[in-house]
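Chemist: Residues per chain, in single letters:
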Amino acid sequence: MAVERVTPAGAPQRRRSFLGLAWLGVGVAALGEAAWIVASFLKPRAKAPSGEGSLVVAGPSEGFAPGSVTAFPAGKFYLVRLQDGGFLALHRQCTHLGCSVPWDEASGRFACPCHASVFDLRGDVLVPPAPRPLDLFAVRIENGIVKVDTGTKVRRSGFEPSQVTRG
Amino acid sequence: MLRPQTDGDRARTVVSTFVLHLRPVRVPRAAIRFTHTFGLGGMSLVLLGTLGVTGSLLMLGYTPVPGEAYASIERLESQVLFGAFVRSVHHWSANLLVLVAFLHLLRVFFTGGFLDGRALNWLVGLVLLAAIAASSFTGYLLPWDQLAYWAVTIVTGMAGYVPLAGVALAALLRGGPEIGPETLGTYYAFHTQWLPALLVALALFHFWRVRRAGGVVVPPDAVRDERGKPEQVLFLPHLLWRETAVALLLLGAVSLCAALVRAPLGPPANPGLSLNPAKAPWYFLGFQELLVHLHPLFAVVVVPALGAIALVALPYLGFAKDEPRGAWFLSANGRRTARLAAVVALVATPILVVADEALLGAAGAPSGGAAFVTRGLLPVAALLAVCAAGYRALRSWQGATPLEAAQALFVLLATGFVVLTVTGIWFRGSGMRLVWPWNA
Chain A
2 MAVERVTPAG APQRRRSFLG LAWLGVGVAA LGEAAWIVAS FLKPRAKAPS GEGSLVVAGP
62 SEGFAPGSVT AFPAGKFYLV RLQDGGFLAL HRQCTHLGCS VPWDEASGRF ACPCHASVFD
122 LRGDVLVPPA PRPLDLFAVR IENGIVKVDT GTKVRRSGFE PSQVTRG
Chain B
539 MLRPQTDGDR ARTVVSTFVL HLRPVRVPRA AIRFTHTFGL GGMSLVLLGT LGVTGSLLML
599 GYTPVPGEAY ASIERLESQV LFGAFVRSVH HWSANLLVLV AFLHLLRVFF TGGFLDGRAL
659 NWLVGLVLLA AIAASSFTGY LLPWDQLAYW AVTIVTGMAG YVPLAGVALA ALLRGGPEIG
719 PETLGTYYAF HTQWLPALLV ALALFHFWRV RRAGGVVVPP DAVRDERGKP EQVLFLPHLL
779 WRETAVALLL LGAVSLCAAL VRAPLGPPAN PGLSLNPAKA PWYFLGFQEL LVHLHPLFAV
839 VVVPALGAIA LVALPYLGFA KDEPRGAWFL SANGRRTARL AAVVALVATP ILVVADEALL
899 GAAGAPSGGA AFVTRGLLPV AALLAVCAAG YRALRSWQGA TPLEAAQALF VLLATGFVVL
959 TVTGIWFRGS GMRLVWPWNA
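So the protein lines, in turn, are chains A and B. Residues in the first sequence are numbered consecutively from 2, following our numbering. Residues in the second sequence are numbered consecutively from 539, following our numbering.
None of these hints come from the bench; they were simulated from the model. No experiment lies behind these values; they were computed from the predicted model shown. Keep in mind that a hint or two might mislead.
[As the list claims (entries may be wrong)] The list that follows gives simulated cross-link-like pairs (lysine to any residue, SDA-like), each with its CA atoms no further than 20 Å apart:
1) K77(A) <-> V700(B)
2) K148(A) <-> W779(B)
3) K154(A) <-> P715(B)
4) K77(A) <-> A703(B)
5) K44(A) <-> H776(B)
6) K148(A) <-> V700(B)
7) K148(A) <-> A709(B)
8) K44(A) <-> V700(B)
9) K44(A) <-> G605(B)
10) K154(A) <-> G605(B)
[As the list claims (entries may be wrong)] Here are a few chain B residues that sit away from chain A, every Cβ distance over 10 Å (derived from the structure):
11) L811
12) G845
13) A944
Heads up, the beta-carbon is just placed ideally off N, CA and C, and yes, glycines get one too.
Using the sequences plus the hints, can you model the full thing?
Modeler: Spelled out as structure tokens, the structure:
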């Protein structure tokens with residue numbers, strides 16, 4: 002305090018406030034860096050990017066009867082064969098709050114036990130609270146073998162024929 | 539000053555000078571009455587200490603890896619002397635801390651404890667409450683049983699409804715697309731390192747700020763001398779013994795609860811088999827109940843954000859210096875209006891819950907844009923309108939001061955939230971349908 006009062010207006014005071022600002026800038030930059038480092042540590046790391054690791058070979062397409070639902074617990078999906086012979090791979094996670102949805106053979110529906118959402122064979126919502134149909138995994142059929150890529154999950158707002166894979 | 543003569547005196551001097559470093563020498567007699575504060579802040583500190591000690595013990599026997607975690611808890615409970623008891627004390631203390639810290643917030647609100655230069659400490663208190671909820675929640679996952687797995691699935695799923703950032707936020711909270719080893723590792727680190735460090739630092743600051751503000755708010759009926767200073771008593775022994783008694787009674791109660799009712803441990807987590815119904819931890823069930831009635835964006839984002847903004851803004855709303863304070867519910871008029879608001883909320887909330895359930899059953903839930911308006915914008919706008927109208931009515935017809943009117947609104951909303959939480963805990967059964975608790 003005393004120093005500032007006897008210093009004539011001009012260089013020293015400007016130097017002092019510049020140094021103060023510089024310290025502040027360095028401090029803010031250091032905080033930003035620290036926050037960035039923490040965030041990058043917390044950020045989820047992709048375990049199995051789309052490709053060989055995430056590809057599930059379901060089997061020959063004639064092994065699945067039309068209108069059938071087959072669970073693949075390791076891939077966390079249901080392979081659905083529609084009545085017309087097309088394939089859909091439905092992620093088993095409920096779109097409401099993430100519970101696992103079991104297939105109910107008797108009623109021919111997916112019924113979530115947590116909050117009573119119900120989905121039809123194509124994954125469309127029959128009874129809310131689920132806000133959107135079950136997510137899809139990409140299906141492809143190579144040489145009659147059904148393969149499901151669990152690395153890419155597709156969100157959708159409703160069923161469309163283009164979502165179905167045909168062999 | 540007289541030199542202490544015997545070893546006993548010397549020891550007492552050391553202890554009392556140390557204690558007096560942390561606490562004031564004199565305190566107002568009226569402010570140390572138990573029913574003035576119910577010792578809720580001190581109880582929180584005791585529970586934090588208990589959680590620190592029991593948590594450190596539990597860390598010795600726990601393995602934070604899926605596939606190992608559940609078995610390590612089982613071994614701890616079956617093979618370690620007092621293992622199950624220590625875990626139960628940790629469980630009871632954690633749940634009690636959430637409750638006691640919330641009651642502490644109510645006490646501070648209802649005695650005007652956020653006024654008079656205590657605004658910053660009110661904010662610190664809010665951060666502490668959030669950190670306590672986060673500690674409890676991260677700890678909820680660690681046993682890796684069905685209850686833990688699905689409760690954390692539900693809460694992180696709720697975060698998924700945040701617009702734009704939702705999917706990324708849910709992934710961040712889970713450490714990946716689904717709950718797995720990364721989730722458990724992250725939650726363990728937060729539960730045992732980051733959050734305790736934050737809690738200890740903030741709690742110390744919180745207590746220091748109370749002392750800076752001249753102790754807890756003094757009741758208006760305190761005996762005062764001619765200069766207006768309330769009558770003082772010595773901290774030692776008057777307050778210290780009361781605090782010690784409260785702490786020991788609390789520890790006794792927690793030990794008794796832990797001995798009688800063990801911390802639950804369900805079947806091990808099974809990602810393929812959901813619980814019916816799947817519920818969040820009890821302190822988040824008010825929000826889950828809101829999710830049944832409102833559009834997700836409003837239940838998860840808008841309503842909680844409005845509540846948080848109101849709580850943060852409270853000390854900065856510019857209440858006048860002559861507002862009543864210090865007594866429970868501020869004044870006789872404050873007590874009357876608060877009671878009125880509580881009764882209104884106690885009657886209206888269950889009626890609204892049951893009516894909405896009947897409506898959903900009859901008409902089915904609307905979806906898309908219709909739901910956004912009818913189950914989002916409209917109810918929230920109606921609630922805000924009720925608050926605005928209620929404020930004006932309280933001011934003009936009930937002769938309430940601005941602070942008394944704000945308190946009545948807070949009572950209305952807080953009671954409504956508590957009713958929703960109670961509904962979520964006891965009145966929601968399979969498929970989240972309304973049931974009587976004895977039929978659940």
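Chemist: Each hint needs a verdict: does it hold in this structure or not?
Modeler: Against the structure, the hints:
Proposed proximity of K77(A) and V700(B) is contradicted: the alpha carbons are some 25 Å apart, above 20 Å. About 72 Å separates the Cα atoms of K148(A) and W779(B), which puts this hinted pair outside 20 Å; it is violated. Taking the CA atoms of K154(A) and P715(B), the gap is about 10 Å. The hint holds against a cut of 20 Å. A threshold of 20 Å between alpha carbons decides the hint, and for K77(A) with A703(B) the separation of about 24 Å lies outside it, so the pair is violated.
Of the pairs offered as hints, the one joining K44(A) and H776(B) is violated, with about 52 Å between alpha carbons and a cut-off of 20 Å exceeded. Restraint check for K148(A) and V700(B): the C-alpha separation of about 33 Å exceeds 20 Å, so the hint is violated. Between K148(A) and A709(B) the alpha-carbon distance is near 26 Å, which puts this suggested pair outside the 20 Å criterion. Between K44(A) and V700(B) the CA atoms are separated by roughly 18 Å; this keeps the pair inside 20 Å, and the hint holds.
Our distance criterion of 20 Å between C-alpha atoms is broken by K44(A) and G605(B), whose separation comes to about 23 Å. Restraint check for K154(A) and G605(B): not satisfied, since their Cα atoms lie roughly 27 Å apart, outside the 20 Å limit. Annotated as non-interface, L811(B) brings its C-beta within 10 Å of a C-beta of chain A; the closest such distance is 7 Å. Remark: the non-interface label on G845(B) is consistent with the geometry, its nearest Cβ contact in chain A lying 21 Å away (cut-off 10 Å).
Even its closest Cβ contact with chain A, about 34 Å, leaves A944(B) beyond 10 Å, as expected for a residue assigned away from the interface.
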